[in-house]
Amino acid sequence: MNKRNSKTPVFLKSYDKTKYRYEKLKVCKKCHAFTILGDTTCPNCGKPHLIPVEEQAERNAKHAMHTTVLIAVCIGLISILLSSTLLQMVLCGIASIVLIGVLWIVQRNVLDAECLRALDKLFHANEKNVQDGIIHDYKAAIDNWDTDKQRCYEMLREISTLLHNDMIRIRQLTLLQTFLLRKDMDLELEPLLVRKYEPVLVEYIGELAKIKRDLIKDRTFQYIMAYEPEIMGQEQGRDILTAVAGATVRMKHYVRSYSGLVRRYAYNLPKDRFLRLYQMIEQYPNEDWGRLSEEVMRIYTEKYQWDPDFQQKGQRGHTI
Amino acid sequence: MFAYVFIGILFLFVIVKCIQYGWHRKKSLDPATIDKALLGMLNSERDQA
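Chains A and B are the protein sequences, given in the same order.
My numbering applies: residue 774 is where the first sequence begins, and numbers increase by one.
My numbering applies: residue 25 is where the second sequence begins, and numbers increase by one.
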């Protein structure tokens, strides 16, 4: 209870998920610094010249195309200037216009492909700038660690779009544990899964199991099962494991896949979760539940045999 | 005479450019590949356990 009281209520900005991660990256037109944070003002030079990288790539592609057209126009003009007769001049003029017209039409048709090439080239040519920009963003985020945790988390969340490492994930998780989490918050879980056992991640999963079970999916269940002994040893570990077992009950696929986990903590499940589990096993008696069905029947007999909620469908005998 | 030479040069220039654009388009990168390459670039040395 004390732990909950020390948590801060926050209203996190919604996370805009883009189709491709590079769409979050911006570049300064003036100093060519890259950043994933900031709207229009460059964090490096302070000028309002930030544009999305796609826009910069399009500019680069169009610039190259215009240069090509300019060269073609120059060659055409030279040919006209070198004409000795009016007929030659007219023919050269017409030929130049036709050829430049063809070039322009082809350029229009290939613009999209050229923009993508320019984007790839932009990243490869500015690899160090991109890396430096992200590091700069990370440092700017950490500067807010003590003064504005919400802002710090929001910045780290953006940076983690491109930087995938456990250090950032753990920092995000540490910050999340200082917030009072609510169901309506834009939370995530799978991107925050780390490779090793991390108590702060387990606590976070435990919280999500209560307020946003739908975020707990296969990778999370596998993580929990991999570190089950360590989790049992941490504070409220059993409660967290029970809550995660309760989260499996929302889908038959999860109960079947992680029947061992569910079986070990079925006894402590809240009534509504156990009822759902019981009804699932009743509804699909031919599924391969392993030893789970025996355990569920045992718990039912011990705790809920006379409970009216369990009698609505349970008219058959349930002897083991 | 030289006028036609330059028209010839212009013609070859446009043909080469069109072939180049066509080749780029044929081998066009898709955004997902660029995305993956960017992630590989940023995480190759940093993605440590």
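It is worth saying that the hints were derived from the structure and are not from the lab.
Any given hint might turn out to be false.
Stated by the list, open to error - Only pairs whose alpha carbons sit at most 27 Å apart, straight line, appear in this in silico DSSO-like list of lysine-lysine:
(1) A:797 / A:820
(2) B:51 / A:792
(3) A:969 / A:820
(4) B:60 / A:901
(5) A:797 / B:41
Which hint numbers does the structure go against, in order from smallest to largest?
-> 3 and 5
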